[in-house]
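Counting along the sequence shown from 1, when you hit position 70 you're at 70 in UniProt numbering, and nothing is skipped either side.
Simulated from the structure, these hints should not be mistaken for lab results. Careful, some of the hints might be misleading.
As the list claims (entries may be wrong) - Each computed SDA-like pair below joins lysine to any residue, with the alpha-carbon atoms no more than 20 Å apart: (1) Lys15 with His69; (2) Lys15 with Leu55; (3) Lys15 with Ala26; (4) Lys15 with Ile78; (5) Lys15 with Ala85; (6) Lys15 with Leu82; (7) Lys15 with Arg61; (8) Lys15 with Ile63; (9) Lys15 with Tyr87; (10) Lys15 with Arg62; (11) Lys15 with Gly57; (12) Lys15 with Phe59; (13) Lys15 with Ile25.
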Amino acid sequence: MSFEKDLDSRQQRLKWHMQLLGLHIAGLIAVLLAVFLPQPVSGVLLAVSFGVAALHGRFLRRITGNPAHIWIIPGEIILFGLIYAYYRGLI
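Using the sequences plus the hints, can you model the full thing?
See the structure below:
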């Protein structure tokens, strides 16, 4: 019984980690596409990457129960913004 419960717990954690990894990849792809596409489309993609960062922070906070994980949101938004600005030649 304990083994089955432990296995279910590990499978759930693996599922959460894969979802978090998917959010990271989605945000980075959106930023990189925003860099190389024309201006109106790039603004939308940059907004999508910011939304992905918000989802990541909320999801991580829900998984861990730690309210401090909400601070991942501004950190990722700044990171994605800096990547965009650097490759666009703005900084």
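Here is how each hint holds up against the structure:
Annotation: proposed proximity of Lys15 to His69 holds, straight-line Cα distance about 19 Å (limit 20 Å). The suggested pairing of Lys15 with Leu55 holds, with an alpha-carbon distance near 16 Å, which does not exceed 20 Å. This hinted pair checks out: Lys15 and Ala26 have alpha carbons roughly 16 Å apart, not beyond 20 Å. Restraint check for Lys15 and Ile78: the C-alpha separation of about 27 Å exceeds 20 Å, so the hint is violated.
For the proposed pair Lys15 and Ala85, the alpha carbon gap of about 33 Å is over 20 Å, so the pair is violated. Under the criterion of a C-alpha separation no larger than 20 Å, the hint pairing Lys15 with Leu82 is inconsistent with the structure, at around 30 Å. A C-alpha spacing of about 16 Å is found between Lys15 and Arg61, which places the hinted pair at or below 20 Å, so the restraint holds. About 11 Å separates the Cα atoms of Lys15 and Ile63, which keeps this hinted pair within 20 Å; it holds.
For the hint linking Lys15 to Tyr87, the alpha-carbon distance of about 33 Å lies beyond 20 Å, and the restraint is violated. For a cut-off of 20 Å, the pair hint linking Lys15 to Arg62 stands: about 14 Å separates their Cα positions. This hinted pair checks out: Lys15 and Gly57 have alpha carbons roughly 16 Å apart, not beyond 20 Å. Between Lys15 and Phe59 the alpha-carbon distance is near 12 Å, which keeps this suggested pair within the 20 Å criterion.
With a CA separation close to 15 Å, the supplied pair Lys15 and Ile25 stays within the 20 Å bound.
Going down the numbered hints, you'll see the structure goes against 4, 5, 6 and 9, while the others check out.
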